[in-house]
Every structure is written in structure tokens, then in C-alpha cells.
Amino acid sequence: MKRGFTLLALVTALLLSFALYEALIAAPTEQTMGNVQRIFYYHVPSAWTAFVLFLINFVSSVVYLIRRNPKADLLALVSAEVGVVFCTVVIVTGPIWARPVWGIWWAPGDIRLTTTLVLWLIYISYLVLRRFSTSGRTPVVAAVVAIFGALDVPLVYFSIWFFRTQHPSPVIGGGGSLDPRMAHVLLINWAAFMCLAWLFSWTRYELEVAKRQVEEAQALESLLEGSR
Amino acid sequence: MSFLEITRATLAKDIRLEWRSKDAINAMLFFALLVVVIFSFAFDPTAEESRRIAGGLIWVAFLFAAVVALNQTWARELRNQVLDAYRVSPAPANPLFLAKAFGNFIFVSVLEAVMTPLFVAFYKLRVLGPAWELVPIALLGTWALVINGTFFAAISLRTRSREIMLPLLLFPISIPALLGMVNATTAVLTGEESARFWIALLLAYDVVFTAASLLLFELVLEAE
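For the protein sequence lines, the chains are A and B, in the order given.
Counting in my numbering, the first sequence runs from 1 upward without gaps.
Counting in my numbering, the second sequence runs from 1001 upward without gaps.
Next comes chain A alone, as it looks inside the complex:
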């Protein structure tokens, strides 16, 4: 297992360096936006990675409620935490990209950015609940909240979609086709980010397992002392 972890860390480091070179030097400069467009190779892969992690969170929450397997709960916690980290990258890089291109930091009518923001808020509230819960059944309650959050996503999307048709919003990219070389760089970056997310999740998972073992040992110890 330890060898697997080292291997993954090595692959991630190599992929990330290669992706950095590809995004900053090898990828062609965009015609109208210029070099600013290169933030695209960080913004979009982070968003995709965050969405994959939130999907994992939803699936493992459902699995936990059905099977009551503590591993599913661990996976739900870890994927939400790492997902929030990548989602934060999206929320931060979005305005940095929007400012020079659209002339504004934030477009309330932009469907993708706003949906991502609401998603970010939902998962932060999920993590706050996990941290604040004092009941012994935190995993159940957290899984229920995760399902509610996932149900909310399509409603958020449609409400912002209609909100946009009423309010003028900046034109985004024109929806034109992506240069195949750019698509190539985008996919390499996504692969690198997915490996990084995997690495983070793995570390966080092991840490959480260790933390729970320590807590259990301490509880057992105090029980034994009490019975003496």
C-alpha cells in the first residue's frame, strides 16, 4: 500500500509539471483573450474534479444509508473536503479570468459560476454540520444532508438559467469549438488534477482512519479505567 502511495505521488508530480509546461508554454495563445486565457487550464479542470468529487460524495452517502458501511461514510467526508478545496480554486480563478475578459469580477447571471458558488456553499454547510454535530449518529445525518444538497443542484441550475434569460449577462466564449491542441492540454491538466485529488483524498482518508482509531482507543481506555 505504501508503495502504491509513493507511486501515485510520483505520477502526480510528473503529470503536474508536464501539465504546467503544456498550459503555459506549449498551448497556443488564444486569439482575442491572449495569455489570460491560459487560466482556463486551471479553472475548468478544477471544476470537473470538484464535480467528480461531489458525485462521489453523493453516491457514498446513499451507499452509507443503505449498507451502513463506515468506509462509505469516510469516503463521503473525504470527497466533500477535497471537493470544497477544488471548488474554491474554481471560485477564485473565475473572477480573476472574468475581470480582464468581461470587465467585471462577478456576473450573477453566469450560470456555471453561480451554480458552482451555490454548490460550494452547500458543501461547506455540510462540512460545518459534520464538525458541529454532537450526536453519535453524525454519519447518518450528514448523509441525509448530502442527499438534500444533491437534489438541490438541478433546481439551482434551472433557476439561474431562467434568471439569466431575464438579466443581461456577458457573452461567454461564443460556445465555439475548442482548438484540438487546447483540448489536449485541457485533458492533460484534468488528468493531473484528478491524480492530485486522489492523492489528497488518500492522505486525508488514512488520517481520518487513524484519528478514529485513536478516538476508539481513548474511549476504550476510559471505559477500562472506569470499571477498575
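Worth flagging that the hints you see were computed from the coordinates, not collected in a lab.
Since the model is a prediction, treat every value here as computed from it, not as a measurement.
C-beta: ideal position from N, C-alpha, C; glycine also.
The reader is advised that the hints may include incorrect statements.
[What the hints assert, rightly or not] Not everything, but these chain B residues come out facing chain A in the computed CB check (under 10 Å):
id : residue
1  : L1169
2  : S1174
3  : G1180
On the provided structure of chain A, position chain B as indicated by the hints.
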């Protein structure tokens, strides 16, 4: 006892308790009044502007005030271990939840009925669109706030700083519902566009989360 009987009995008990103590409704009314007065100082709009922003102000005031009532929903049942007694009784969980949701719906509706005339007076409002549409908007919007509010109040029951946990959970999930209520109300007030889509969105939100709450409430009750 049947499902309906349990719902009715719990609802009657809650309304009687509230009628005698008036804890939730008084706090909620005074809180909403404060919000209206503070808003009227913070924004001093002309009639045309006030029509555009009133929908947002009204619903934000109701949302904040509703949290006051929602926080009391289950806290009341912790005293004397009423909730534990309910859990060991053979009664199913859903009638209890529905009774609580109906109770909150009634309290928040009373608040809205009292506060709306005040809003109209403070902001010199005149409806330019089809005014009857405000009725389904108010009913669906209130249910949207109350159904998730009641559910999340039960979830935040066993957390540290319970009173702040409820809005932290409720507000992010309620964003589409809030968009629906605010935009539907503004559409009717200004009469510029149709509120149909927003009413449909509210309806979808209500159906989805009522179903989800009824499916999952038992898990939450046994987890408390």
C-alpha cells in the same frame, strides 16, 4: 391511531402550546417588524424603484423571521424527553414531521398576513401585474421555507450552537426557492413579465423536498 389522527393530535397540541405561550409568534412578529423598519431606513426608494426591490425585501424579512420560529419547533420537544418518548412509541415518524411542518406553515402564514400590509404602507406599493398570482406564490414560497426549515431544525437539534446551525444549513439549500419567490413577486409587482416559470419552479422545489423529507425523516428521528 391512524396517520391522520397522529398528525391532527400533534398539530393541535402545538397550536395550543403556541396559543398559550405565544413564544414563537411574538418573537417572530417583533423581529420581522424590526427588519421592515430597518429596511425602510436603509433603503429610501421612489415608488418605481420600490416595486423592483420590494419582492426581495419582503422575502428576506420572512426568511429571517421564519428561522426564529423554526428554531423553536423541536427544541420544545427536548424538555421532559418528549422526543425520546415519541421515538419509543409505536407511532410512525412522518405524521410527527408533517404536523410540525403544518404548524410552522400556519405560524409563518400568520406572520405574512400581518407584515404584508405594513410593507405595502412603508413602500407605497401598488400591484401592476395579476395580483391573484401572489396567493399561489405566497403559499408555495412559505411551504418551501417551512418544509426544509422543519427538516433541518430536526437535524441541527443535536449540534453545538444549534440556533446558528439551522440558517447555515437552510440558506444554501433554499437559494433556488428564494430566487423563485423573489422573482415571482417582483414579476407580479412590476407587471413586466410572467411569473409562471417561477411558480412552476417553486412547485417543483416543494414536491422534490416534501418527498425527500418524508422519505428520510425517519432516519433523522432515530439518529437524534
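Results for each hint:
1. Nearest Cβ of chain A to the Cβ of L1169/B: about 5 Å, under the 10 Å cut. The hint holds.
2. A hinted interface residue such as S1174/B counts as satisfied when its beta carbon comes closer than 10 Å to some beta carbon of chain A; here the least separation is about 9 Å, so the hint holds.
3. Checking G1180/B against chain A: minimum C-beta separation of about 6 Å stays under 10 Å; hint holds.
Violation of the numbered hints given earlier is absent; every hint is satisfied by the structure.
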